[in-house]
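Following the hints, position chain P against chain Z.
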Amino acid sequence: MSSKKVSRRDFLKLGATVTGASAYLAACGPQAAEPAAADLPDLTSGNSIPLDELIAAAKTEGELTTIALPHDWANYGEMLETFKAKYGLKVNELDPNAGSADELAAIEANKESKGPQAPDVVDIGVGHTANAMAKGLLAKYKVAGWDTIEMKDPDGYWWAEYYGALAFEVSKPAIENSPQDWEDLLSPEYKGKVAMAGDVLKSNQSVMTVFAAGLSRSGGDKSKAAEAGLQFWKEMNDAGNFIPVIADQGTIAQGETPIVMEWDYLALANRDSLAGNPETEIIVPKSGVIAGPYAGGISAYAPHPYAARLWWEFVMSDEGQNIYLKGYAHPIRFNDMAKRGVVPEELAAKLPPAEAYANAVFLTVDELQEATTYITENWRSVVFGE
Amino acid sequence: MGITNEKLTAQSKGDAPMARPPSKRASSSIVNWLPLAPFFLFASMFLFLPSISIFIGSFESVDGGFTFDNIIALFTVRDFINAYKTSLTISAITASGGAVFGFLLAYAVVLGGLPKGLRTFMTTFSGVASNFAGVPLAFAFIATMGNNGLVTRWLESAFGFDIHAGGFTIYSVTGLSIVYMYFQFPLMVLIMAPALDGLRREWSEACANLGGTSWHYWRYVAFPILIPSLLGTTILLFGNAFGAYATAYAFSGSFINLVPILIGAQMQGDVLFNPGLGNALALGMVFIMSISMVGYISLQRRAARWLQ
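Chains as they are written, first to last, in the numbering used here: chain Z, 4 to 389; chain P, 141 to 448.
Source of the hints: derived by calculation from the structure; they are not laboratory data.
A hint or two may mislead.
Per the computed footprint, the stretches of chain Z lying under chain P, defined by three or more beta-carbons under 8 Å from a beta-carbon of chain P, are [to be verified]:
#1 199-205
#2 244-253
#3 257-265
#4 376-388
Residues on chain P that point at chain Z, a partial pick, calculated with CB under 7 Å [stated by the list, open to error]:
#5 Asp219
#6 Asn222
#7 Phe279
#8 Ile282
#9 Ala283
#10 Gly286
#11 Asn287
#12 Asn288
#13 Tyr311
#14 Ala390
#15 Ser392
#16 Gly393
#17 Ser394
#18 Phe395
#19 Val411
#20 Leu412
Since we're looking at a predicted model, the values are computed, not measured.
Note that the Cβ used here is the ideal one computed from N, Cα and C, for glycine as well.
The shape of chain Z in the complex, shown without the other chains (with noise of 0.2 Å):
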């Protein structure tokens, strides 16, 4: 998640930049893009809009400007491909590299540039929604199979479009039984063996390994998970199985963190690469499977209303959700596809069983926050005891 990050301030110069370009050329030409707005499907309700009615509006507008979409990640390439090639529109990609603050800054700074450098759409983290909301800087809108969608803004403001769960990442030759569940971990066996890829103070992911093992023992109480897990890596810790290495794709292959923690599209992508040298088994553990979803959103400012929209339609369509599912990335309804059938078999073979995710746990804005600050005040003196 950290090769989303740029620097905010570039990002607010040029949006001021393009702001003032932007302001003198609506000046000067005439007002093209403004067709009769009794023709247009109506946006104040934040209903879903009948696709073909939706398509027309959005051809009209003709393009949709996109933000830190990186065409590697959750195979967002290819998601922008089929948009484009499906529905004839144009589409300018922003700095595909910003983070989550960035995309909101990028708003915020275009409120009054209906610009080029102004986003139509945005997909941040989670925990960056409660501040969106607040400052007003998304638009409600339902997609259709809204009931769908397992996490999500109840007036519609945002929405988890995918997500990753946090799964064993176990390399083959040095694991000879590889762990089904937390407790598991704590064996003797797994001795020096169990990593995390990277660190509690400084990685989000880190801090959901920490808050995942407490909700494995708490028996799925959220409330008692920070703390908790606080304790299992304590007992893993002083048993000698924390291996205190930052695991990346070297010490797994070099086999000196045969165990570890990672969001599973990671883990999968790794295992891609290393292409079985070593051989990696991806794990979902039985229990404390915890969910770490990205949200979408639609800019209020939005020069392209309805091609956002549209973009959405389409991302959350059965056809989009597999598309982010051929990146490794969960979409956000799996569940709901496995059951219908619709998820092709050729890529869900390539995933852990679907019922491993069935008990998915996700973290509300305000639970996400609060474990967090738990956990990272804690650690140090809970698990290492200085």
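Using the frame of chain Z, we list chain P on its own:
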């Protein structure tokens, strides 16, 4: 200033000016400083401005206001105090260890009567090794001395020797110190070799002529001459270890509580975000480093005086 045109022309026309015209002297002093301009530009951009920004940033709260909380936290939060302690300990251990080991090695290469080619080899190796740090260095040690490391495994299979039997693990303050030593002692060799070259043969001969033994020579002649540069380099090594970040992070995250690791967590993680606190932690490091640099400079002056 105040030089008339006539005077300039007169002087330039005059043959063989014994004294340089004042105008030329003035301009040449500017010319003399000019080549230093890139240095000053560099120093201000990468040393002074960042230091000032760290200082100002230390008093900034998360929402951009003014606060003393960050500075107060340095002296009150147990994690921070411990981090400074650990950082100072590791830096002190590896600086003194690197100094002793590096000095002996430099001595062996320069004065120990070893074949000449070995010196070239040693200095080349030291030049490379002293710059070998960060993720590659951490991985190199993990892959050789880690739990599944080459050396660890080899000792086990060839001799049945388990390096962990005595409770040793490379993921500890001791282990990290060993890793740091890898770039510490070569730096010592690089700096001490020229200093040892500076010891003149006449001095030891004079000492011998006066009936002094080798012990006397080292105790009363060579060591007093070398000690300022020895201590000065030790301080340099101290700073070298004190600021190391990437190596420690890749090696063991926040498992070993170091100040640079805490700064990294506040500035660039996606969990904690309080740049003001990160700046304050950095300010503490700048303060400690300034003290050691002042010590280094004054010792360096003494060394230079002796060797003239």
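Would you check whether Gly393 of chain P satisfies its interface hint, that is, whether its CB is within less than 7 Å of any CB in chain Z?
4 Å, holds
- Query: Regarding the hint that Phe279 of chain P lies at the interface with chain Z, is the smallest CB-CB distance below 7 Å?
  - Reply: 6 Å, holds
| message | The hint names Ser392 of chain P as touching chain Z; please verify it with the least Cβ-Cβ distance against 7 Å. | response | Holds, because the Cβ-Cβ distance from Ser392 of chain P to chain Z comes to roughly 4 Å (cut-off 7 Å).
### Query
Holds or violated: is the Cβ of Asp219 of chain P closer than 7 Å to a Cβ in chain Z?
6 Å, holds
_Next item in the hint list is Leu412 of chain P. Is there a CB on chain Z closer than 7 Å to its CB?_
6 Å, holds
task = Have a go at the Asn288 of chain P hint: is there a Cβ in chain Z nearer than 7 Å to its own Cβ?
result = 4 Å, holds
Let's test the interface hint: is any C-beta of chain Z closer than 7 Å to that of Asn222 of chain P?
6 Å, holds
* Holds or violated: the region 244-253 of chain Z covered by chain P, criterion of 3 or more residues with Cβ-Cβ distance under 8 Å? -> holds (count 5)
(message) Please verify the coverage claim for the region 376-388 of chain Z: does it have three or more residues whose C-beta sits within 8 Å of some C-beta in chain P?
(response) holds (count 5)
Verify the interface restraint on Gly286 of chain P: the C-beta must sit less than 7 Å from at least one C-beta of chain Z. OK, holds: Gly286 of chain P within 7 Å of chain Z, min 4 Å.
Notebook entry, point to check: Is the interface hint for Ala390 of chain P satisfied, with its Cβ closer than 7 Å to some Cβ of chain Z?
Noted result: 6 Å, holds
### Task
Would you check whether Asn287 of chain P satisfies its interface hint, that is, whether its CB is within less than 7 Å of any CB in chain Z?
4 Å, holds
Comparing the model with each earlier hint shows no violations; every hint is respected.
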